[in-house]
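Protein sequence lines, in the order shown, are assigned to chains A and B. Numbering follows the numbering used here, with no gaps: position 410 of the first sequence is 410. Numbering follows the numbering used here, with no gaps: position 388 of the second sequence is 388.
Hints should not be assumed to be uniformly reliable.
Since copy identity is lost for identical chains, a pair holds within one copy or between any two.
With a straight-line cut-off of 30 angstroms between C-alpha atoms, the simulated BS3-like cross-links for lysine-lysine are [stated by the list, open to error]:
1. Lys-124 <-> Lys-37
2. Lys-367 <-> Lys-439
3. Lys-439 <-> Lys-174
4. Lys-399 <-> Lys-174
5. Lys-37 <-> Lys-333
6. Lys-333 <-> Lys-122
7. Lys-258 <-> Lys-439
8. Lys-37 <-> Lys-258
9. Lys-420 <-> Lys-439
10. Lys-66 <-> Lys-439
11. Lys-122 <-> Lys-6
12. Lys-122 <-> Lys-111
Because the hints were derived from the structure by calculation, they are not lab data. Just so we're clear, the structure is a prediction, and the values are computed from it rather than from any experiment.
Listed below are the residues making up each chain.
Number of protein chains: 2
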Amino acid sequence: MVASLKVGIAGLGTVGASVVRLIAQQCAVLGVRCGRKIEVVAATARKRKKRGPDLDRIRWVDNAKKLAADPEIDVFVELMGGDGDPAKAAIETALANGKSVVTANKALLAKHGLALAALAEKNKVALNFEAAVGGVIPIVKTLREGMAGNSFARVYGILNGTCNYILTRMEREKLPFDVLLKDAQRLGYAEADPTFDIEGYDTAQKLAIVASLAFGIRVDERAINVEGISSLSPEDLEAADELGYRVKLLGVAMRTAKGIEQRVHPTMVPKDSAIAQVMGVTNALSIDAHGINPITLVGPGAGGAATAASVVADIGDIARGVRTAPFGRPTAKLVVSKKAPMQRHEGGYYIRLLAVDRPGTFATITKHLAAQKISLESIVQRHSDAAPHGGDDPKSPAKPAPVILITYATTEDAVRRALKAIKKQGVIAGHPQVIRIEKN
Amino acid sequence: MVASLKVGIAGLGTVGASVVRLIAQQCAVLGVRCGRKIEVVAATARKRKKRGPDLDRIRWVDNAKKLAADPEIDVFVELMGGDGDPAKAAIETALANGKSVVTANKALLAKHGLALAALAEKNKVALNFEAAVGGVIPIVKTLREGMAGNSFARVYGILNGTCNYILTRMEREKLPFDVLLKDAQRLGYAEADPTFDIEGYDTAQKLAIVASLAFGIRVDERAINVEGISSLSPEDLEAADELGYRVKLLGVAMRTAKGIEQRVHPTMVPKDSAIAQVMGVTNALSIDAHGINPITLVGPGAGGAATAASVVADIGDIARGVRTAPFGRPTAKLVVSKKAPMQRHEGGYYIRLLAVDRPGTFATITKHLAAQKISLESIVQRHSDAAPHGGDDPKSPAKPAPVILITYATTEDAVRRALKAIKKQGVIAGHPQVIRIEKN
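Can you make the complete structure from the sequences, with help from the hints?
Listed below in structure tokens is the structure:
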């Protein structure tokens, strides 16, 4: 009989408690599946308090670093969060002590993943983090192992449930961003300080991990261009709908002639694409590998039970004696990814302008687009009673009318220059809304 | 430097050739990802003929069994197909000789998977078969490893591209089954003898593998209830659409109080479910684990490159030294799955009847449904000018009118008994169409 695998858990919040319970409930089947028993033998958390008999039974250790060095444990599970100490120091201690580590800490991995992977490698132990990206969805495993033979062109996904929840309701109920954010906070889908989620940083941290796995680059969140969803309005989603698109906050990493482009921003995706079907707090990742049609993985990206499922599967791999390079290849083989400037991004664009109602407005707009070699796929005027090219109707002389332009593939630089020139001519009011289009 | 992993391939059709090419193209990155070089050193196929310089360069072996025993190879890749010899004998030879095996052969696994897994176990080698189910979609890996800590309630999916292609076009173009099948054959999406695909047997073989992985039962295609799509008509799909459903050929395995129910049949799924979005030849599997929202994996389920991707990933796992129990647990722990009689299936039903136009017809139908305790969620009469309860209109006295009934959850037994009784009363023409409903 093989000795049981002994687990120590740092962090007993929703996820930590779910991990303890899942291991207890599934004890027998885990033993059969992994060839040895898995048991939680020690734990620590910020506060020592009553948490129910199943958690109180576990041996208590004073702090994470002490737990990480505990001679009884084989695996250190870090569920404290935070992009530095005490989580970082505790993981380093565990790895240096020859213990495998399982973590759900995307923030820490996006910042220090490379150094931690190198330390795991040096000590010949596992560093697993399926739970850090997309909850129970097997994103890490699929990129690292399931498609190990493939070369990737693009990976893109919905990696933040809060944003997708807000955008889903904005599309369906046509309510403004602020109202929906407050509702999401009330329902517990958004934090009191929602910046991290809605401005795209959470998505960026997950994308950094995904991009490293897919393209063999060093995980580095600073290489990512990030824009959030706070500037979006129901008008944009309505216009997108009419044109056959949905708007999603996507994290996109793709191979270009200039290197790996990594970006997080509101994106128009064709309504019939797999990613466009993903609604509410659900997450998804689409993977374009060379020579094959895309695969899409969809599921709950957060929540105690969903995250715990991936933590326990990662522990299971360690129990079965599997050790994979954390980012899919030895750290020395991971290459530096420079931040690709967004100005050089190529693609289609959605542009919403408020055109001033006077003769020649349309001619001015189209002239400056043409000067930047931007071709238009479609033009939609939202209110025909205030036509921007008109001015014949004296009853509505000064009301600017929304105009929506969809461009064929061009560069971001060209779009920015054209809009700057158009603004200078005084033919548009306010700030133009620009949303990038991602084709499937 | 670790010695390279030497691969022998039996079968050089579309998939075999794609495997050879993918390993050659990805040689460098595979070496980095797996920690050792992977090379194809020997091959065999039914006929020795010119196949292009990349394939002709490989050392030729006379037959599969000889290749399986070849002292130079570490891994035997079986891509011959067929549910018995020579594929079976060759795999047995390889396993007995201590070589790991990778296969895409669902037919063989559905029939002899248990014995082959036991042989792999005895010889302490791997038997990997990600490519046998859903092409490049990581279905085996997700059930076997990615969700190793979870207990499953239900797994269900679209596992045959031919059927989904036909149903997608039937829904969109309202063309009858025979026309679409001929078109699918012409386009190469269906075989000359399409029975295996359209009658559900291909789906059943894949479901047998999926069910074993999810529920720890012995793989056995005979335990599956199988119905195909040939009886479906555009009228059914149109009616489903109006009621908020789509019709898909699903393979479903679920835990019930009476054991694991395994079935393949046309199924009505809610239009907003992830599985309903899957169109054309694409495959998908949804996984319901206890306590978490479902995950759905979507992608190309067939084709040389997609299948080769999974074969190569399986070889990659072997190169990295990973060996998992083929069906996720030791064969001795896999339990027998009895065939659950369909009569005891519980769920909602779609019933399409041709009601004879005379007084009392509706009363007769509803009386016999009520006698079986079947409650109706909705009733749709397709042509009001030939109302089945009427008979007042002398201009259309004898034309039977289609009536569509959607039941609340009931048993198959009750539905069959009610329909038999209704038929006996002479109030319906022809054979009633019955489609099971699967809720998400």
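Going through the hints against the structure:
1. Lys-124 <-> Lys-37: both (22 angstroms within a copy, 20 angstroms between copies)
2. Lys-367 <-> Lys-439: For Lys-367 and Lys-439, the Cα distance is within 30 angstroms only inside one copy (26 angstroms; across copies 54 angstroms).
3. Lys-439 <-> Lys-174: Intra 25 angstroms, inter 29 angstroms, cutoff 30 angstroms: intra and inter.
4. Lys-399 <-> Lys-174: Within one copy, since 23 angstroms is at most 30 angstroms while 48 angstroms is not.
5. Lys-37 <-> Lys-333: between (35 angstroms within a copy, 15 angstroms between copies)
6. Lys-333 <-> Lys-122: within (14 angstroms within a copy, 37 angstroms between copies)
7. Lys-258 <-> Lys-439: Result: close within a single copy only, 20 angstroms intra versus 47 angstroms inter.
8. Lys-37 <-> Lys-258: Classified as between; 29 angstroms across copies, 49 angstroms inside a copy.
9. Lys-420 <-> Lys-439: Answer is within: at 26 angstroms inside a copy they meet the 30 angstroms cutoff, but 52 angstroms across does not.
10. Lys-66 <-> Lys-439: neither (50 angstroms within a copy, 49 angstroms between copies)
11. Lys-122 <-> Lys-6: both (22 angstroms within a copy, 28 angstroms between copies)
12. Lys-122 <-> Lys-111: within (19 angstroms within a copy, 45 angstroms between copies)
Violated hint for the displayed structure: number 10, the only one.
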